[in-house]
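With these hints in hand, go ahead and build the complete structure from the sequences.
Note that the UniProt record's numbering has the sequence shown beginning at 1, numbered continuously upward.
Quick caveat, the hints were computed from the structure, so don't treat them as lab data.
Note that this is a predicted model, so its numbers are computed, not measured.
Do not take every clue at face value.
[To be verified] Computed Cβ-Cβ distance ranges for the label pairs, DEER-style: (1) Ala157 - Leu246: 17 to 25 Å; (2) Lys275 - Gln73: 48 to 56 Å; (3) Glu250 - Glu98: 12 to 20 Å.
Virtual Cβ for every residue (Gly too), placed ideally from N, Cα, C.
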Amino acid sequence: MPDRGSPTVRRRRLGQELRRLRERAELTGDQVAERLGWSAAKVSRIETARTSPRESDIEALLVIYVVDSDQRQELLTLHRDANRKGWWEEYRDSLPKEYTTFLGLEAEAVMARSWEPQVVPGLFQTESYVRAMMESGQRSTLEAPGGLRSRIEVRIARQEAVLHAENPPELSVVMEESVLLRPFGGGEVMREQLRRLVEVSELPHVALRVLPLDAEHPINTGAFSHLKLPEFHDVVYLEALLGGRLIEDEAIVYRYEVAFDYLETKALDARASRKHIEKTISRW
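Structure below.
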C-alpha cells in the first residue's frame with residue numbers, strides 16, 4: 001500500500017521547529033544570517049519550507065541554537081525524511097504549485113472534508129469520467145492537450161494513495177445533486193461513474209452525502225477541501241479554473257469548517273444519499 005508519510009508536512013514541521021529554536025535563542029533571522037554568511041531570505045525560506053536545505057545547513061543552524069545531541073538527531077532524521085519524494089513529485093512540472101502543495105498535505109491528513117457543487121469529487125472519479133471532463137475543459141478553456149495524460153495519471157495515482165492507503169484518512173464529502181445529472185461522456189460513462197460512487201460510499205472511512213437541489217444551502221462558494229493534519233494546523237484548498245489557492249489563516253479556515261458543518265446538516269445522510277445515487281443510475 002502507498003506510504004502516506006508526506007515530505008511536504010515534514011518540511012513544514014522542520015521549519016517550524018527551527019524557527020522555535022531560533023526564537024528560544026533570542027536571535028533574529030538577520031542575526032542568524034549574518035553569523036552564517038547567508039542572506040536573511042535563506043533563513044526565512046528554510047523556516048517557511050519554501051526551500052529544501054542541505055543537511056550541512058541544518059547542522060550549522062543547530063550549532064548556533066545550541067541543540068543537544070538527542071534533539072539534533074531527531075531534527076536531522078526529520079530533514080532526511082523531508083527530502084524523500086512523494087508520489088506526486090514526478091508530476092510536479094505539469095501541475096500548479098499550490099495543487100502539489102495540497103497533495104503533499106493531503107498525504108498526511110487524518111481527515112479530509114470536501115464540498116463539490118459541480119463535478120464528481122476527484123477522489124471518486126472513474127478514468128472515463130476524468131477523460132470526458134478534461135476533454136470538455138480543453139474545449140472551453142482552450143487548454144493545450146499535451147498535459148491531459150499526465151493529469152489523468154495524477155488523478156488515478158491520488159485515488160490509490162488516499163483511498164487505498166494502509167491507514168486512510170476519514171473522508172467526508174458533500175456533493176450537490178446536480179453533479180449526478182450533469183453529463184460527461186454520455187450515458188455509459190455516467191452509469192459507470194455513479195456505480196463507482198455507490199462503491200466508494202460503502203467504504204468504512206468514507207461518508208458521502210448528496211445535497212438535494214431543493215435544499216436550503218446559501219453557501220456562496222465553489223469547491224473546497226478542508227484538511228485536518230496531525231501536529232499541524234488545518235488548511236483549506238480552494239479550487240479554481242487555472243489552479244487553486246491554499247488557505248492557512250486559522251480564522252478563515254474556521255469559517256470554511258463552519259460552512260461545511262452547515263452543508264452536512266442540509267444534505268441527505270449517507271444511507272439516503274447512496275439510495276438516491278442508485279436511483280439516479282436508471283436515469284442514464
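How the hints compare with the structure:
Distance hint check: the CB atoms of Ala157 and Leu246 are about 20 Å apart, consistent with the given range 17 to 25 Å. One distance hint, 48 to 56 Å for the beta-carbon pair Lys275 and Gln73, holds here, with the actual separation near 55 Å. With their beta carbons about 18 Å apart, Glu250 and Glu98 fall inside the hinted range of 12 to 20 Å.
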